[in-house]
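Undergrad: Each chain, written out:
There are 2 protein chains.
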Amino acid sequence: MAQKPSIPKGTRDFSPEEVSKRNYIINILRHNFELFGFQPIETPSFENSNTLMGKYGEEGDRLIFKILNSGDYLSKASEANLSFKDSNALTSEISEKALRYDLTVPFARYVVQHQNEIDFPFKRYQIQPVWRADRPQKGRFREFFQCDADAVGSDSLLQEVTFIQLYDAVFGDLGLEGVTVKMNNRKILSGLAETIGEADKLIDFTVALDKLDKIGEEGVIKEMLEKGISQTAIERVKPIFRVHGNFADKLILLKALLADSVIGKKGIEELEYINTKIEALGLSTISLDLDVTLARGLNYYTGAIFEVAAPKIVAMGSIGGGGRYDDLTGIFGLKNMSGVGISFGLDRIYLVIEELDLFPAQALKGTKLLFINFGETESLYCLKAVKKLREAGITSELYPDAAKMKKQMSHADKRNIQFVVLAGAEEIEQDVYTLKNMKTGDQKRLSISELIQELN
Amino acid sequence: MAQKPSIPKGTRDFSPEEVSKRNYIINILRHNFELFGFQPIETPSFENSNTLMGKYGEEGDRLIFKILNSGDYLSKASEANLSFKDSNALTSEISEKALRYDLTVPFARYVVQHQNEIDFPFKRYQIQPVWRADRPQKGRFREFFQCDADAVGSDSLLQEVTFIQLYDAVFGDLGLEGVTVKMNNRKILSGLAETIGEADKLIDFTVALDKLDKIGEEGVIKEMLEKGISQTAIERVKPIFRVHGNFADKLILLKALLADSVIGKKGIEELEYINTKIEALGLSTISLDLDVTLARGLNYYTGAIFEVAAPKIVAMGSIGGGGRYDDLTGIFGLKNMSGVGISFGLDRIYLVIEELDLFPAQALKGTKLLFINFGETESLYCLKAVKKLREAGITSELYPDAAKMKKQMSHADKRNIQFVVLAGAEEIEQDVYTLKNMKTGDQKRLSISELIQELN
Chain V
14 MAQKPSIPKG
24 TRDFSPEEVS
34 KRNYIINILR
44 HNFELFGFQP
54 IETPSFENSN
64 TLMGKYGEEG
74 DRLIFKILNS
84 GDYLSKASEA
94 NLSFKDSNAL
104 TSEISEKALR
114 YDLTVPFARY
124 VVQHQNEIDF
134 PFKRYQIQPV
144 WRADRPQKGR
154 FREFFQCDAD
164 AVGSDSLLQE
174 VTFIQLYDAV
184 FGDLGLEGVT
194 VKMNNRKILS
204 GLAETIGEAD
214 KLIDFTVALD
224 KLDKIGEEGV
234 IKEMLEKGIS
244 QTAIERVKPI
254 FRVHGNFADK
264 LILLKALLAD
274 SVIGKKGIEE
284 LEYINTKIEA
294 LGLSTISLDL
304 DVTLARGLNY
314 YTGAIFEVAA
324 PKIVAMGSIG
334 GGGRYDDLTG
344 IFGLKNMSGV
354 GISFGLDRIY
364 LVIEELDLFP
374 AQALKGTKLL
384 FINFGETESL
394 YCLKAVKKLR
404 EAGITSELYP
414 DAAKMKKQMS
424 HADKRNIQFV
434 VLAGAEEIEQ
444 DVYTLKNMKT
454 GDQKRLSISE
464 LIQELN
Chain L
14 MAQKPSIPKG
24 TRDFSPEEVS
34 KRNYIINILR
44 HNFELFGFQP
54 IETPSFENSN
64 TLMGKYGEEG
74 DRLIFKILNS
84 GDYLSKASEA
94 NLSFKDSNAL
104 TSEISEKALR
114 YDLTVPFARY
124 VVQHQNEIDF
134 PFKRYQIQPV
144 WRADRPQKGR
154 FREFFQCDAD
164 AVGSDSLLQE
174 VTFIQLYDAV
184 FGDLGLEGVT
194 VKMNNRKILS
204 GLAETIGEAD
214 KLIDFTVALD
224 KLDKIGEEGV
234 IKEMLEKGIS
244 QTAIERVKPI
254 FRVHGNFADK
264 LILLKALLAD
274 SVIGKKGIEE
284 LEYINTKIEA
294 LGLSTISLDL
304 DVTLARGLNY
314 YTGAIFEVAA
324 PKIVAMGSIG
334 GGGRYDDLTG
344 IFGLKNMSGV
354 GISFGLDRIY
364 LVIEELDLFP
374 AQALKGTKLL
384 FINFGETESL
394 YCLKAVKKLR
404 EAGITSELYP
414 DAAKMKKQMS
424 HADKRNIQFV
434 VLAGAEEIEQ
444 DVYTLKNMKT
454 GDQKRLSISE
464 LIQELN
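Heads up: the protein sequence lines correspond to chains V and L, in order.
Quick note: the first sequence, position 112, residue 125 per this note's numbering, numbers continuous.
Quick note: the second sequence, position 169, residue 182 per this note's numbering, numbers continuous.
Among the hints, a few may not be true.
Remember, identical chains collapse to one label, so a pair may be satisfied in a single copy or spanning two.
[As the list claims (entries may be wrong)] Here are the simulated lysine-lysine pairs, DSBU-like style, with alpha carbons at most 35 angstroms apart:
| id | residue 1 | residue 2 |
| --- | --- | --- |
| 1 | Lys89 | Lys401 |
| 2 | Lys401 | Lys34 |
| 3 | Lys427 | Lys449 |
| 4 | Lys224 | Lys34 |
No lab work stands behind these hints, which were simulated from the structure alone.
Bound conformation, chain V alone (with noise of 0.2 angstroms):
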């Protein structure tokens, strides 16, 4: 019996529709990628197993999918974890490659293996899948895509500039109004960590102060008070819970609140290095703003801390983020190499732009016309022009079949197809082309270089 196909959970087909729809976005992307001086570069969709492990964390290392050695496999397992049934353990005997997590360590790996080719600073971009062995859930799939910019090489603050720049530019170009870039500096909240005595809980610390706005302030009290974070410290730290205004409003309290703290002066000095070149600058629009409780992917960010937040109208939360990490390759055996990138999040910017009903027309650009085949005469007769069409860079096609006249033109209603021509023994005695519009029905007897001046 026939297999009723399926894919694996987690995982999209894409249609026609959707493709077109994804690359008007890639493009966008890729677009402004390459006019910021980001060079694309493609890694493997597998690395080597001891490339990936180890470097997300526990559960990191749980998600990453392993692929199987090839042949026999088992020949080299030890009779142990084959007895024991130890699948953690046996793991590693039996599979040496996983697909990607993310597109980072890939290229820190890459940056690392290829030193010698790069002159840094280096300024790559990557548009790639990642797969994560997650739950699937709405909106969170187990194949995706990355699509990363990322600048190693230099600890120039005018990275983070060109940054929001960057995303200014990409959002300009998508029409998409309304989006708010959040920035935060690890060093802040590490002098803030600080500056209440508490620098050794610093994560509790940030990953209370994280759920702010889900939790509210009470909440985050009773999440710092059980980590075992001093009503005194609290009490301290609580003016940041009602910081407002702009970005320089917010930056007066943070000065007054960090006076003692090094590394927190240093924080709000990177903060407003960048805040005074965006100003000078101009972005057309987003808008910067200052968030103090955003500690995203603090394991890993030094500096900056970027998240993009949709428009308020769409409820979407973040559809972007980055920051600056100093030592990206480290772990692959090259020092010092300062980082700093941003991601953009494929998936739930095409669902914003879809909600707002913002992808242009020129986005779903399918066939413009179809000629009906009505037998052997005319269907070469068509295939005549169809070819001078297409030269001319129009896109067309003969239906392939003399089916009857419903079919076809159905065919062409269902493609969205806005023109058909049709032609038959009158049209080659004189030689003309009918062409019908669609929508309107409006038909006109053309010539070859008027139908291609037509639709042109």
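Given the coordinates of chain V, assemble chain L onto it according to the supplied hints.
TA: Same frame as chain V, now just chain L:
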């Protein structure tokens, strides 16, 4: 100690130059696919194992990369398979998913799964990587891209005509002269085997015949004799070893040879129909040839067989191929769905274009100008220009650090950046920018609008 980074054998990193050149080819493919009315789809990188297994023969099954189940995958494994270390039997117990091996089976699965959304005939193209656990060797990789266009749901021979035109359009746009599309028809091969009384040895017969250009007439005869094809039969088939002339000439010979074979005559009729149409429509770049020895993919092609030969001046062999299969989707329960498709060999086309030095300079367009960084004030002055240049669509960058002049110039040089801008106190004073052509050494002072005009 840090790991020395590497990638799995048979996989590749692509540098910025390589990605740009690959995208140049892919963009030409994509453009022509769409011009011809093919619609893009994408399918997941991995499929359920039962979708793939058993579709490519025993050898194929072995070469499919299997993905280990997540979590405690051994808990469901049978004790017997573990204790006997039976890799083969264990695989289906610990792996439910596998990386796709080609794009044809996933396409067939897609058509059946989405049959109610599709209005047939359905013409799709797909450009995605596939994976095979093959022994890596020169020009053969474990991860490589396939670029396929297929049309299903019509047995009109005009589809074959269209595919030949598509090859012509693509190789024309690539500027690649001297490509030959070789054609044959499965029915011709069946007719030949039938007419010499060896219909039951069709496979042995065609496999031997296919080797004519490698092992010569004597070699082919020797192999046929070894496979039990009679001397009498071989005598009857000898004329095809020496067939020559153009497409029409060869058809004349075949007509004489296959006069008594119903299926053979049907094959001739099909080839003649296609050739007549192509002659009436004309080809611009490629030439079409009839090659009776062509047996590529005999196990699934039922009508036309295509193979694309690279220009003779490069020793590359096949750079594409395809054919018609009358029952593409039957394996998934959708009967009577005739399909015809072709593929382009991206990696080999790349090598040919490279060898013949046909990549245009625009395929490598990188950053056009680099602004030299002289410090705080100067860099902000430059960033204002960079912003305006980018808005005008001109790729430009500011070097992020106020590094030594020599280092910055050398960076421009190594990245093949054509222009640098030098702007110090004097330029700021006069509101101009000094543009230096890196190749000629020419320098001139320009206002921002002159700069944009100069570089547009």
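Undergrad: Each hint should be assessed against the structure and marked as holding or not.
TA: Verification of the hints:
no.	hint	in the structure
1	Lys89 x Lys401	neither (62 angstroms within a copy, 62 angstroms between copies)
2	Lys401 x Lys34	both (28 angstroms within a copy, 29 angstroms between copies)
3	Lys427 x Lys449	within (16 angstroms within a copy, 56 angstroms between copies)
4	Lys224 x Lys34	within (34 angstroms within a copy, 46 angstroms between copies)
Violated hints amount to a single one, hint 1; each of the other numbered hints is respected by the structure.
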